[in-house]
Amino acid sequence: MKILVTIKQVASLDEDFELNDDGRDVSADFHVFDLNEWDHYALEEAMRLKEGANGDVEIVVVTVGPDSADDELRKCLAKGADRAVRIWSDALEDADPVAVARVLAALARKEAPDMIFAGVQASDHAYGVTGMALAGLLDWPHAAVVAGLDYAPGAKTATARRELEGGAYATVDVQCPAVLTIQLGINTPRYASLRGIKQAAARPIETLAPEELGLAAGETGAAGSLSRIRRVYVPAAGRANMIGGTPAEQAARLASLIKEFSGEAK
Amino acid sequence: MSGILVVVEHRQGQLRPVSLEVIGAAAAAKESSGEAVTVAVLGAQPEAYVESLKLAGVDEILSVQTAADAFDPETYEIVARALIETRNPSLVLLPHTIDTLGYAAPLAVKANYGFTTDAFALTRDDAGWVATRSGYGQKVNMEIEFPAKETVVVTLRPGSFKAPENVSAPTLSTFAAPAVTPRSVHKGFEEPAASGDVDIPGARFILSIGRGIGEETHVEQFKELSETVGATLGCSRPIADSGWLPKAHQVGQSGKTAAACKMYIAMGISGSVQHMAGMKHVENIIAVNTDPEASIFTIARYGIVGDIFDIAEELRSHF
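Each protein sequence line maps, in turn, to chains L and V. The numbering of the first sequence is the working numbering, which starts it at 1 and goes up by one. The numbering of the second sequence is the working numbering, which starts it at 1001 and goes up by one.
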């Protein structure tokens, strides 16, 4: 029994960032990397299934990204993932989420997992695409935005509680193997232990190039994408009237705004 | 390839309002391209929604009868693809919602349509359709193009486009859904948890707390502060997910919309798209955050860069 968990190294931005000369991305010098928040929940859900099945579940974490993404894979190993795989070549630069999903699909065909978990979206670009594109490419049953899961490893169906808008939920039975995108709050992700972190530092990360998975050049990077970033720019955002001064002065102004409002409301 | 196709969304007998916004976006796209707008509605009784879809800019309403009324990702995917293959639209517009997260990507990848998500602006130039979306936690805008794609599928961010105000008299037709054997089965809906004494949609004044409060033990002092200043206590997603406050307090896409709110004080909330969906319409938003770059300051009327504990402490002394 094997669960594949797809993860992403996400980037947030330093203050006063600059764009690349081609104007199509923020310069990588200003990226601050981390493991995507949603992926903690996806991995935790796999860990719970493993523990519930007395360990008879192999958890493989996979990412598509450059060397630096090894840091995020090690975080997953430190939490208890069994294996970590990273796929990369320079040909994957310019891949949109669908082109990334093509690579993940090729790996999934090789690994033949019983279940695939992905995050609902990534905190940087929030496409919400990769996991379900992977389901489409594999032609597997799927459910998105899963906030509750009832599944016994090896079972033919899983019951997923999909989070809807406005605090409602829908429950669906999904045939397995399936691809599920996992929502925040489905569980409480564990922290890695110090011992886990130490051990993970010494564990191997399997690295592959897309061609080793049988992907042709026309399927990867820009050629395998369904979209292209034409231009990135900093929007002329609205700006609040900033209340300066000491905390006491700021609070005094806030208090008067509240009282003004409350007076009007009477 | 010509034409604009919209697939609308409904749940438990109610057309979802974002569907009308997408029709508004389609009507605007028609202005710039001259392409006709077709609106498709899928369901066990799709005719029930037709009257509400007769909006300005709509040329045709297509009713598609499906076996189940509740959303099913494979049914929507297969019907949408059959519609695209039959009608050859240049543009397919869908709302960016929980339901489309389940089927838009499989729809696009199997036929290699141009595809992007969560767009809040849409234009057309010589090269084709161009969608604008956010990147890096809304710090930048990204213009997305679709080289050599004859059909482009775009999901649109709720709250970004206006529903048409006027009605029209579109052609009404039906479309026979291809046979679908879905591999998932909808079992039922769960209503939002009872809200007890918390009424976020009805509250005029909300003081809302987010991740910035740090520890569960800090919730109590903000609960007291909200009572002191006469506000209803709201929260962002991480607070409810952690179980620090009941879900009924949560403001945002998956929580409640602060529908009646006139003043909203956001403390320690950075302002994700999902949180803003529930409160950005509020006239008086005051944000308190240590991060001057937090997105919440782009929609707030007043901003305080400062420590929420210091501000809370000082604020108490005024009431």
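Any given hint could be a false lead.
[Said to hold, decoys possible] Chain V regions said to be covered by chain L (calculated; three or more residues, Cβ under 8 Å):
#1 1136–1145
#2 1254–1264
[Claimed, not checked] With the C-beta cut set under 8 Å, the calculated list includes, among others, these residues of chain V facing chain L:
#3 A1067
#4 I1098
#5 A1163
#6 S1226
Hints listed in this document are in silico derivations from the structure and should not be mistaken for laboratory results. Quick reminder that beta carbons are idealized off the backbone N, C-alpha and C, glycines included.
Verification of the supplied hints:
Check result for the region 1136–1145 of chain V against chain L: holds, 9 residues qualifying (beta carbon to beta carbon below 8 Å, three or more required). Proximity of the region 1254–1264 of chain V to chain L, defined as three or more residues with a beta carbon under 8 Å from a beta carbon of that chain, is established by the 6 residues found. Interface hint status for A1067(V): violated, as the beta-carbon distance to the closest one in chain L is roughly 15 Å, over 8 Å. Because the smallest distance between the Cβ of I1098(V) and any Cβ of chain L comes to about 5 Å, under 8 Å, the interface hint for this residue holds.
Residue-level restraint check for A1163(V) is violated (minimum Cβ-Cβ distance to chain L is 17 Å; threshold 8 Å). Using the Cβ-Cβ criterion of 8 Å, the hint placing S1226(V) at the interface with chain L is not satisfied: the shortest such distance is roughly 11 Å.
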